[in-house]
Every structure is written in C-alpha cells, then in structure tokens.
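Novice: Listed below, chain by chain, are the residues.
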Amino acid sequence: MNNLAWRGIVIVGAAALALWAAYPPKEKINLGLDLQGGIHLVLQVETVDALRAETDKDMERLRQELLDQGLAGVQNERTGDTAFVLRGVEQTGEPVVAKAAASFLPGWDWRRVGDELRFEMTSPHSRGLEEMAINQALQTIRNRIDEFGVAEPVIARQGLDSNRIVVQLPGVDDPDRVKRLIKNTAFLEFRLVDYPPGGGGAPTREAILDHYGGSLPPTVELFTEDTRDRQGRLTGQVFYALEKKRVITGRDLRSASPGSGQFNQPVVQFSLTPDGGRLFGDATGANVGRGLAIVLDGKVMSAPRINSRIGDSGIIEGRFTSQEVQDLVTVLRSGALPAAITYLEDRTVGPSLGADSIRSGLRAGLIGTALVVVAMLVVYLGSGINAILMLGVNVILIFGALAYFGATLTLPGIAGIVLTVGMAVDASVLVFERIREELRAGRTVKAAVDAGFGNALSSILDANITTLIAALFLFQFGTGPVRGFAVTLSIGILGTLFAMVFGSRWLFDLRLARDPRLEKLSI
Amino acid sequence: MQLLRDTNIDFLKYRRFWIAFSLAVIAVGLVAIFYHGKLNVGIDFAGGTQATLKFSERPDVQALRDIAGGAGFREAVIQRFGEVGTNEVMVRIPIVEGSEEGGGADLLAALDARYNPGAGGALDVNRSGSDALAALLAERDPDGVGAAAAVSHYEGVADAILAVRKDLGLFTGWSQVSGAPGVSGAVSSLLQSQARLGSFAVLSLENVGPQVGAELRQRGVLAVVFSLLAMMVYIWIRFELRFGIGAVMASLHDVLVTVGLFALAGFEFNLTTVAAFLALVGYSINDTVVVFDRVRENMRKHRTEPLMQLMNRSINQTLSRTVLTAGTTLLASGTLLFLGGEVIRGFAFVMTIGVIVGTYSSIFIAAPFALLWEQLVGRRGEAADKPAATAGKGAPAPAKPGARRRGQS
Numbered sequence: 001m002n003n004l005a006w007r008g009i010v011i012v013g014a015a016a017l018a019l020w021a022a023y024p025p026k027e028k029i030n031l032g033l034d035l036q037g038g039i040h041l042v043l044q045v046e047t048v049d050a051l052r053a054e055t056d057k058d059m060e061r062l063r064q065e066l067l068d069q070g071l072a073g074v075q076n077e078r079t080g081d082t083a084f085v086l087r088g089v090e091q092t093g094e095p096v097v098a099k100a101a102a103s104f105l106p107g108w109d110w111r112r113v114g115d116e117l118r119f120e121m122t123s124p125h126s127r128g129l130e131e132m133a134i135n136q137a138l139q140t141i142r143n144r145i146d147e148f149g150v151a152e153p154v155i156a157r158q159g160l161d162s163n164r165i166v167v168q169l170p171g172v173d174d175p176d177r178v179k180r181l182i183k184n185t186a187f188l189e190f191r192l193v194d195y196p197p198g199g200g201g202a203p204t205r206e207a208i209l210d211h212y213g214g215s216l217p218p219t220v221e222l223f224t225e226d227t228r229d230r231q232g233r234l235t236g237q238v239f240y241a242l243e244k245k246r247v248i249t250g251r252d253l254r255s256a257s258p259g260s261g262q263f264n265q266p267v268v269q270f271s272l273t274p275d276g277g278r279l280f281g282d283a284t285g286a287n288v289g290r291g292l293a294i295v296l297d298g299k300v301m302s303a304p305r306i307n308s309r310i311g312d313s314g315i316i317e318g319r320f321t322s323q324e325v326q327d328l329v330t331v332l333r334s335g336a337l338p339a340a341i342t343y344l345e346d347r348t349v350g351p352s353l354g355a356d357s358i359r360s361g362l363r364a365g366l367i368g369t370a371l372v373v374v375a376m377l378v379v380y381l382g383s384g385i386n387a388i389l390m391l392g393v394n395v396i397l398i399f400g401a402l403a404y405f406g407a408t409l410t411l412p413g414i415a416g417i418v419l420t421v422g423m424a425v426d427a428s429v430l431v432f433e434r435i436r437e438e439l440r441a442g443r444t445v446k447a448a449v450d451a452g453f454g455n456a457l458s459s460i461l462d463a464n465i466t467t468l469i470a471a472l473f474l475f476q477f478g479t480g481p482v483r484g485f486a487v488t489l490s491i492g493i494l495g496t497l498f499a500m501v502f503g504s505r506w507l508f509d510l511r512l513a514r515d516p517r518l519e520k521l522s523i
Numbered sequence: 524m525q526l527l528r529d530t531n532i533d534f535l536k537y538r539r540f541w542i543a544f545s546l547a548v549i550a551v552g553l554v555a556i557f558y559h560g561k562l563n564v565g566i567d568f569a570g571g572t573q574a575t576l577k578f579s580e581r582p583d584v585q586a587l588r589d590i591a592g593g594a595g596f597r598e599a600v601i602q603r604f605g606e607v608g609t610n611e612v613m614v615r616i617p618i619v620e621g622s623e624e625g626g627g628a629d630l631l632a633a634l635d636a637r638y639n640p641g642a643g644g645a646l647d648v649n650r651s652g653s654d655a656l657a658a659l660l661a662e663r664d665p666d667g668v669g670a671a672a673a674v675s676h677y678e679g680v681a682d683a684i685l686a687v688r689k690d691l692g693l694f695t696g697w698s699q700v701s702g703a704p705g706v707s708g709a710v711s712s713l714l715q716s717q718a719r720l721g722s723f724a725v726l727s728l729e730n731v732g733p734q735v736g737a738e739l740r741q742r743g744v745l746a747v748v749f750s751l752l753a754m755m756v757y758i759w760i761r762f763e764l765r766f767g768i769g770a771v772m773a774s775l776h777d778v779l780v781t782v783g784l785f786a787l788a789g790f791e792f793n794l795t796t797v798a799a800f801l802a803l804v805g806y807s808i809n810d811t812v813v814v815f816d817r818v819r820e821n822m823r824k825h826r827t828e829p830l831m832q833l834m835n836r837s838i839n840q841t842l843s844r845t846v847l848t849a850g851t852t853l854l855a856s857g858t859l860l861f862l863g864g865e866v867i868r869g870f871a872f873v874m875t876i877g878v879i880v881g882t883y884s885s886i887f888i889a890a891p892f893a894l895l896w897e898q899l900v901g902r903r904g905e906a907a908d909k910p911a912a913t914a915g916k917g918a919p920a921p922a923k924p925g926a927r928r929r930g931q932s
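Protein chains in written order, with my numbering: chain A, 1 to 523; chain B, 524 to 932.
Note that these hints are calculated values from the structure, not bench results.
Please read these numbers as outputs of a predicted model, since none were measured by experiment.
Treat each hint with caution, since some may be false.
As the list claims (entries may be wrong) - For lysine to aspartate or glutamate, the following EDC-like pairs were computed, each having C-alpha atoms within a straight-line distance of at most 16 Å:
no., chain 1, residue 1, chain 2, residue 2
1, A, Lys57, A, Glu77
2, A, Lys244, A, Glu221
3, A, Lys299, A, Asp210
4, A, Lys183, B, Glu624
5, A, Lys244, A, Asp297
6, A, Lys57, A, Asp81
7, A, Lys183, A, Glu46
8, A, Lys179, B, Asp654
9, A, Lys179, B, Glu624
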C-alpha cells in the first residue's frame, strides 16, 4: 500500500472512530448543567465543629477515667476549639492524670499552669480529625444523594487540600429539598428530661429558670421545641431542661424506616444496635415516669413520657409530613454529618432555561456553520468543498473526543465549537491563499499545492499553538462552564491541525494522484 | 472569487494617528468604567444572588424593584431577559452581609407574598418538584389505582406534567396541565382544587457567596494575565522580543477597547465573558502571528529592505487572508450574537467586537508597536527605515540586555 492509502486510512479511521464514540449524541455527550438544568453546589465543611465535638468527648472521657481511678472533684471546661482545662487536680494526682492521658488521649499535650492542667490537641491530630471529618462528610453526602436517585451525580472534594465539596446534580427539579437533605446534619440524640417532669415542655424560658432558682445547674441544658398547628404552621415554642448526658445518639441506630403512628400520622421507626439497645433499655427502665426528649440537630422533636422499659426499637414522632419522614429516614440511614455545612456557591438552572439555551445555541450553530460553508464555496469554488469536508471531519472529531473523554458540553462549549468552525476555516484560508499566490507566480498545480502547504504550515502552527496556550490557562484557572469552553477550544485546535492540514493535504494529493498533470485547480 | 489581490496600501504611514485613535477609544471606555461606574459586574465576581423569573403576565420592573426594596434589597438590579413577550426578568441582589448563603429565599418569599397572595400552603405546580407533586397525588389517588400501584403511577403522571412545564417554562392555565399525556380528568380536577398555579416560575436561582466571588475574581484576572504573558514568551521564543511586545500590545489593545464597548453596551461581566475575552486574546494573537510570520519570512528573503516597507508589504500580502478569516469568524460569532439566545449574548458580543477590533489591531497596531519598540529601546541610534537586519526562525532577540529586562517587566 502506498503512502496515500495509509493517510486515507488514518483520516477516515479517525473520523469513523469519532462517529462511533459520539453516536447517538443524546446518550454519549454529557450535557452541562446550564444545558440540561440541575444544581451546582460548592459547600464548605465547618471542620471546627468536628474539632469541638472531639474535644468535648475526650475531655469527658478523661474526667470519667479520673473518677474511676478515684480522683473525684475534678472539673473540666473547654477553653477553645482544641483546648480544655482540668481544675481541682492536686500535685499528687498528676501521675494518675499522666497515665490516663497517655492511654486515652494520645493526640493531646498537657502542662500545668497554676492550679489548672491545660490540654491542647496536637496539630497532626487535629489535622487528621479535620481530614476525617471531610471524608466522612463526603461519604455521608454520597449516601444521601444515592438514596435520592440522581443519574450521574458529581460529588467530589474541590482540590486536594480544601474543606470544600463540589456537588453537581444534573436534571434535579427540586433544589430546596436536595439542599435541605444534604445540609441536614441529622445529629440525633436521646436525652432525659430534667424539668418539667412527665411529658410536655414549659411555656416560657423563665418557668425553667425559676424552677432552678435563677440559673441552670451544670448538668442540664436548655432546649426548645417548635409547636405547630394541624396544618403544620409554626405556632410557638416550648422549653425543656435536658440532661447534658446523652442516653444514645444516631450512631446507635441500626436502621430507620418510615411508618405510621397511632393516629395514622407519618413517623420514623427505628431499631438500635445491640449495644445501643442495652444502653437504651437500662436508661428507660431506670427512669419510668420521666420524659425522654428526642433531639434532632439541637431541636426537640418530641418528649414523650417513658411508660415502661423500651428495648431496641421505637418511633420518632414530630408532626412530620410524609416527605419529611422520608428525608429524615434517608439522613438517619446515611449517618450524621460530622460537622455543619455552609453553601458557598449555589446555582440552580431550571430545565426550561436549559432547553431554551440548547435550542437557540444549536440553531445559531447550524446557521453559522451554513453561512461559513456558503462563504467558502463562493470564495474558493472547488477547493472550498475540500475545506468543507475537512470542517465536517473536524466537528465529528470534536464530538468524538468530548464523548470519549467524558467531557461536558456547556453553552460556552457550543460557542467554542462555533468559534472553532470560524477559526478552522482560517487554516484553510491560509493554505489556499498561499496556493493562489504560487499559482499566480506561474507554478504548476502540484508545485503550488506543495509550496502552499509548506509555507502556510509555520503560520498555522504558531497561530494555533498561541491559541492553545490561552486555552490551557483558561482550563487551569477557569471553573464550571469556562472549563467546558477551554476543553472544546483545545480539542477544536488539535482537530483543526489534524483535519485542515493533514486531511486537507490528503484530499489535494488524492486529486493530483488521479490526474498528475492537472493544469487548472478550482480555487 | 478573489479579494484584495495585489494591494499596495501604506498602512503604516499614519501609524501615529491610528495609535492615538485607539488610545482615545480606550480612554472613553475606561472613563465609562471607572468614572461612571458603568461596568456591570455579575454575581460571579461581585458575589450575590441572581434569579431568572418567568411571569404569567408582563412584569412591571418598577413594582419588582419596590418588592425587592421592601424585602431589604435596595440595591437590586432588575432587567428584562430574553425576547419580548417571554415575560422573563433577571433580578440580582448583592451579597447579604455576614452570610455566605445569600438572600434568595427572602426574595422569593417577598415575590410570593405580592404575586401569589392568599395562596396558603397549597402546592404551586409552577414551582414544585416532581416528588412533591407525585406525593400529593398518591395521597389522594384520584385515578383509584390503589395504594400499591399509586407511587409509581403518580410519579409517571408528575413527570409528564413537569415535562410539559419544561417546554413552556410556566403554566398559565389549567388546560395546559390537563393537556399533558396521561393526565386524567380526575387528576386535573384534584390539582385544581388542592394545588395552585403561581403567577411566576423560577427558571434559575444562583447564589455566589463573598468568599467564592473573591476567588473567582482572582482566578479570572490570573487567567488573563498569565495567558498574555505565556503567549508573549512563546512569540519571543519563536520570533523576537519586539514582535512579542507588538503582539501583546495589540491583544491588550483589543481587550481594553472591547471591555470599554462592552461596558457601554451594559452587558454583564461574568465567568462566561471572561472566557470570551480569553478567546478574543487567542484570536487576536492568532491574527497578529500570521502577519508577523510573513514579516519573518520576508526578512529572510530581503535582508536589506527597510523594516517599515517590509512590514507594509507583509501586511498587504496577508490582507486577503486577514479579511477572509475575519469574515468567516464574524459569520459564526455574529449568528451567535443575533440568534444564540440571551445566555450567550454577552459572550457573542465580545467575540464579534473582538474579531473586528482584533483584525484592525493586527494591521494598524501590532506592527507599529513593534516599530515603536524598535525606535525606543530596540537598537538605539538605528532608525526604523534602516535595513531590518537578520532574524531567522527561532533566533533569539538581538536586543541589549537592558531592553530585554524592560521587556519582561
């Protein structure tokens, strides 16, 4: 086989492969959120929450251990996100503290200042905790989105070393629900009610403070419950003093499912792990007659009276709608978020706006391409067909590459393709103008084609490489739709070089091979 | 058809005039931007919340402004969006101090109170998602399919209704809802009694918090600066420093002129338009490089010819290509501008103006700047009408070290 045939195989093969990769385009080409509608979120994991929670937990564990070792009367207080102090430890008690700290608090440094022992989390430990919080948040959000059933969601960390997560959900039509679902920390806890006794809350904050003589004792905390009427409208608040100690938390849950309560209202049914069930059984058995508050994200959902020992399952009531119950079940199953979440960026594009954009973008693209085709035929006659054929190959290659790399086509991406069509023609124009110059200088067709391609090549390369450089920076610093534009532009430039230089030359050579003594070129 | 064959126009004769003319245009644009605060910065860079709304009736912009003001957003920007008759508006409110999550919910609540009064908690079919719609229907089961089949049956019905809404953007009457495939009379009458059709739909709702806005701003500036520098270095390596300077000055010129016109036309400056400006830089450099490539080639052929004459000839030789390419690119970007729809219009405007300005600058600005650089710092004592000396492909700039340092800064 000769050189001409080989080149033909490469060109036709590349076009065929691209066509195969991109066909049918409706299934193979990923559309960006701006085209098909959907949600783009950038959220920040407030890792400091996780640090505080860990500090609280470690501090409490240490106090408990010291108590078990016979060191009574020790007080603790958190003094920062990653720091706490112990008070009331004599010099003689320090070896006990040292031993307990060594075995239970490996990530902490401590020293004595006056009559306080100051504990400070080491930075590798706090960094590790932050890392863990972000990964856990990522996993939790993934689980939640999975239950929501979105096709091809993107849930990824933004950059390698950031506490941000990017979530992209194409085609989702209820953004508020998704945002609530993701953001729901779903921190579930069960606490015993200290006051008021029995079930139900106190009407005012003052009623609670009066009961304790003005200020709350250190073992209890104040919580509120929103009260609602039958239509679910907010009517007010009632107040509770709950024990600081949690009976169980969401981590002790084995499963959760939607169910119906005794008045057929939607409730959440749950069952506990064996450990959780034992703790729950002991606590409820020992406190029959008292109220038990179910607290979700710091709000009391309900505080029923304990009528008897409760084993390893129960229900959560709280004037939920059935959709709220479904969402609550989802978040309880997916696990609690380790830290609160803030939405830094939040873009929802409705599907109809996207549909409009596609319609007008495609229409403009087709008309623009048609105009370019006509212009090429008018200006370059027969050789214009050569350019148009290769322009077609170029566009097929772009779509093939988009499909193959799973890149996303955005609206600016369509603009990038239209721009590529305009600029791909430039390569042909450069070559054809050169060929015309050479023909005017009296060369034969074959020599003119040779010289035309040879002389135009350096211009075409330089011009396209500079544009490629711009596209690379666009990709590096761009976000979202801008990246889509950079991708199509870069692919378009490479496609242009292949089709308009390599491919176009092959078509000319093919023509010349059939008729080597061609005297007149239609150009 | 052959255009502009064998022209011999002295483009560089009035180069001082062209540079002064460009500077004047740039000055007008910059005055408009900085003195009159004309630059319309979108939420991508300023932060804030932007909503695209479609109303059932022609919305009164002043009324919308009052509603936004009443909700505490006195600096709201309200613009008509899309073609006349679509009843679409874009509302933009600035960032809410101390919040990353913005005031979108408050804005929608205020609009709801004014445009959908007394609606209570009834489901708004123009705003609801398919899940909520399906749940409402499944609860009442108007088609009587039974509890077991209800969920999947009504999910299908809800999806069909929303598919119609996707085409329309907004339901303006119940007959449009009833017309969706698979919607029975029972479903339709249940919705008419239990749900409502709000008088506006939210086509898009975007919020960019102050943190992200500041970052996007920074990244946009970095992208432009670095790409300009990198292209200058590339041309410096492939050609000579003076050509790199000329090309970058020409692109900078194009960006400044276009930014000015862009601001005067009132388009919004956002991430997409940054992409357009970078595409414009790419096109402009591309165009200039083709001219310089011919200059380089002619320098090799005619070593003794004065640089100015040589540049003029090169510009004339590439003129028909320059005009043709500009023409075809204009066909593409002009179609986008007039037919591409609202979202892409700012982008297409930048490209269209950019192609015109970029073509002008590769003829009237790039070469004069290369000449000017030559006269000012290139080779002191040598005038531009002296022979162009040697410059081969890939030859480094024969500039003095001092000049080179100045060129980098």
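Novice: With reference to the structure, classify each hint as holding or not holding.
Specialist: Hints, one by one, checked against the model:
With a C-alpha separation of about 12 Å, the suggested pair A/Lys57 and A/Glu77 falls inside the 16 Å cut-off, and the hint holds. Distance hint between A/Lys244 and A/Glu221 is fulfilled; the C-alpha atoms sit about 6 Å from each other, no more than 16 Å. Pair hint A/Lys299 plus A/Asp210 does not hold up; C-alpha atoms about 22 Å apart against a cutoff of 16 Å. With a C-alpha separation of about 12 Å, the suggested pairing of A/Lys183 with B/Glu624 holds against the 16 Å cut-off.
For the suggested pair A/Lys244 and A/Asp297, the alpha carbons sit about 15 Å apart, so the restraint of at most 16 Å is met. For the hint linking A/Lys57 to A/Asp81, the alpha-carbon distance of about 12 Å falls within 16 Å, and the restraint holds. For the proposed pair A/Lys183 and A/Glu46, the alpha carbon gap of about 11 Å is at most 16 Å, so the pair holds. For the proposed pair A/Lys179 and B/Asp654, the alpha carbon gap of about 15 Å is at most 16 Å, so the pair holds.
Among the hinted pairs, A/Lys179 with B/Glu624 is consistent with the structure: their alpha-carbon atoms are about 11 Å apart, no more than 16 Å.
Figure legend: structure checked against the earlier numbered hints; the only hint not met is number 3.
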